[in-house]
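> Listed below are the residues making up each chain.
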Amino acid sequence: MRKIVTSVIAGIGLALACGTSVRAQDKELTIFWAEWDPANYLQELVNDYTAETGVKVTVQTTPWPDFQTKAFTEFNAHGDAYDMVVGDSQWLGAGSTQGHYVDLTDFFNQHKLNDVMAPATIKYYAEYPGGSGKYWAIPLEGDAIGWSYRKDWFEDPKEKEAFKAKYGYDLAVPTTYAQLRDIAEFFHRPDQKRYGVAIYTDNSYDAMAMGVESAIFSYGGDLGDYATYKVDGITNSKEAAAGLDMYKELYKFTPPGWGKTFFVEDNQAITGGLAAMSMNFFAFFPPLVNKATNPYADATGFFANPAGPDGKRFAALGGQGISVVSYSKNKDEAMKFLEWFIKDETQKKWAELGGYTCSQAVLKSDAFQNATPYNKAFYDTMFMVKDFWATPEYAEVLDQLNQNIYPFVVGGKGTAQEALDKTAADWKATFTKYNRYK
Amino acid sequence: MASVALTNLDPASRAAARGWSDLTIRNLFIIPTLVFLIVFNIFPLIYSLGYSFTNFAANRSEPWQFVGLQNYRELLSDDHIWSNFVITAKYVIVSVAGQMVVGFGLALLLNRSFPMKGLITTLLLLPMMMSAAVVGLFWQLLYSPSWGPINYVFGLGDFAWLSNPDSALYAVAITDIWMWSPFVMLLSLAGLSAVPQHLYEAAAIDRAGWWYTFTRITLPLVSPILLIALIFRTMEAFKTFDIAYTMTTQPTAELIAIRLYKQAFQQWDTGKSCALAYIVLIMVLAITNLYVKYLNKVKER
Chain A
1 MRKIVTSVIA GIGLALACGT SVRAQDKELT IFWAEWDPAN YLQELVNDYT
51 AETGVKVTVQ TTPWPDFQTK AFTEFNAHGD AYDMVVGDSQ WLGAGSTQGH
101 YVDLTDFFNQ HKLNDVMAPA TIKYYAEYPG GSGKYWAIPL EGDAIGWSYR
151 KDWFEDPKEK EAFKAKYGYD LAVPTTYAQL RDIAEFFHRP DQKRYGVAIY
201 TDNSYDAMAM GVESAIFSYG GDLGDYATYK VDGITNSKEA AAGLDMYKEL
251 YKFTPPGWGK TFFVEDNQAI TGGLAAMSMN FFAFFPPLVN KATNPYADAT
301 GFFANPAGPD GKRFAALGGQ GISVVSYSKN KDEAMKFLEW FIKDETQKKW
351 AELGGYTCSQ AVLKSDAFQN ATPYNKAFYD TMFMVKDFWA TPEYAEVLDQ
401 LNQNIYPFVV GGKGTAQEAL DKTAADWKAT FTKYNRYK
Chain B
439 MASVALTNLD PASRAAARGW SDLTIRNLFI IPTLVFLIVF NIFPLIYSLG
489 YSFTNFAANR SEPWQFVGLQ NYRELLSDDH IWSNFVITAK YVIVSVAGQM
539 VVGFGLALLL NRSFPMKGLI TTLLLLPMMM SAAVVGLFWQ LLYSPSWGPI
589 NYVFGLGDFA WLSNPDSALY AVAITDIWMW SPFVMLLSLA GLSAVPQHLY
639 EAAAIDRAGW WYTFTRITLP LVSPILLIAL IFRTMEAFKT FDIAYTMTTQ
689 PTAELIAIRL YKQAFQQWDT GKSCALAYIV LIMVLAITNL YVKYLNKVKE
739 R
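In order, the protein sequence lines correspond to chains A and B. Numbered per the working numbering, the first sequence finishes at 438, counting up by one with no gaps. Numbered per the working numbering, the second sequence finishes at 739, counting up by one with no gaps.
In case anyone wonders, no lab produced these hints; they're calculated from the structure. C-beta atoms are modelled at their ideal positions from N, C-alpha and C, and glycine is treated no differently. Some clues are possibly wrong.
[As the list claims (entries may be wrong)] Covered stretches of chain B (chain A as the covering partner; in silico rule of three or more C-beta atoms under 8 angstroms from a C-beta of chain A): (1) 486–498; (2) 580–593; (3) 597–611; (4) 687–694; (5) 697–704.
[As the list claims (entries may be wrong)] Pulled a few chain A residues facing chain B out of the computed Cβ check, cut under 7 angstroms: (6) 72; (7) 77; (8) 78; (9) 81; (10) 162; (11) 202; (12) 203; (13) 204; (14) 256; (15) 260; (16) 332; (17) 395; (18) 396; (19) 415.
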């Protein structure tokens, strides 16, 4: 017995000794991101970096609903578990003003990243405050709201004829929200278990807000003046209310029980043959062209967010930039990694693996635009994106928006104008509380 | 008191041989528990009470300020919070009442001998052994208007249980009843089996009816243990989070625990959420105290 115990202890000791010596030799970097396909593509990409330099890079992930909580818990504790984080664009305010992110302005200027990355991605993923010329992240994954649709339903001659008879124009990919609404109504046939459209309605994080703001922006509305924090008359403008009304109108043509839906449900609406059109972030489109995950892969098409009544056309921005965590013990090593990451060939490889590069050169190339059925729509979208508030108190602001618009869109309570009036009042109170009106 | 309660050590035992007194042994058992309680329960409790009077935010490095009762004032005059409390009250009443009726009913059915009684009792206990988050996800599928079996069985067409603002809360309560009725059943079963058989025999000799026997013998004798089940379930239902959070995001089903979570970990309003946690704590304490008073009365009878 004693022999066994001694050998076990010796074994453990040896393992520990080896473990520490290996650790001391190898440098390791940890990147924190949410659990989704692009994170797997990133892991594949960084394996190349390990092969080149010997520095092991691990992409650590957590499910989306926990992503923000987990990242900020670590930041608040000044923990060094993550060297870099691929954070949501809305985090920039909190990340920069509260000292969680390393200032990358010098790195940005030195590598002239303003000319390398697409302008919208720099504006929303990297710079804070807007227009300040201070940068906190390198655009990593470009993303925005787009649409998938059932080409076979749209191209069916009988459907085309019936549509033209009913609405007086040809059935085609919608270029305006009004057309999108008509098509949704046309294909909404609950008795056949076919529905018009799938949209985001989950209000636990930013899902519904992204869908709603896409409509509001295209209708000529805005969420507020991000520079002066003015909300009265902007957040609750007539245009914004018209956009919100349209979103509520679309909710009528969703599959039953569509009250807590995000990217999973919206993709299921297509893969399950439920809906004619479905809103989703571009990052979630790869499974839709894969026959193993979508039986209608051959019949699925994609289009960019349509325009509002005045021809204005915008889409809500998703996507993330990569930032260096200021509490990391490997900051120098992380900067070396970023230098490798922004190289043209790395960005090209990133796009090939399925990542949505923000590199202008790669985006503009024919090779990229023809690589998938949705890349062209993605390219079009990346030049018409707008984002949510990025102030440090954005989570509070987001929750207030959710509380006011969800009962209207899903519950049918009140009017769009009332919901936005209440939102503007809540936001004004919040910004006053944080002394934003100086 | 201690010396009266403790029996003397057996002089032949190992502990005695090591020179340990029974006091040492008692301390060995009690001190770790006390330390654990103080470090992980009492200290954070007092610390968070302090936070509840400040504008502290855990995600900001700016220094916090003492704001007195402002957090409490703001919370108690916030319509959203009051609507969360009303929702929680509705939820507690529906789900606890449902659990008591279903649980006690099942216990009455099981309180007799029949073949495979043990197996059936065990199977009935399964729901409460599952993780609440998993139960929530399962029931979300069961309620699905497109392919969920519930609408199919009851012929409800595409009734959207969880997306309908009027039914979402009750759909969650039904799930909670399914999950926790077995707990009430288990306690009731223990109570029922402790009722002396001779009382029933005496009632039978007196030709007492079923209802008379039930209200005069069964219920009074089981009621103390039923009240204990009621206390536990009320406390638990009041702080329900996981089932409701996984099933629906309807504002009409936003229980106070969910609001608290959002305030503390999405908005990082730490000071205010500590205050809200204290308001919830005081409410739960008040309700439990009422129950305990009543329980003592029942026991005295």
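> Can you name, in rising order, the numbers of the hints this structure does not satisfy?
The structure breaks hints 7, 8, 9, 10, 16 and 19; every other hint is satisfied.
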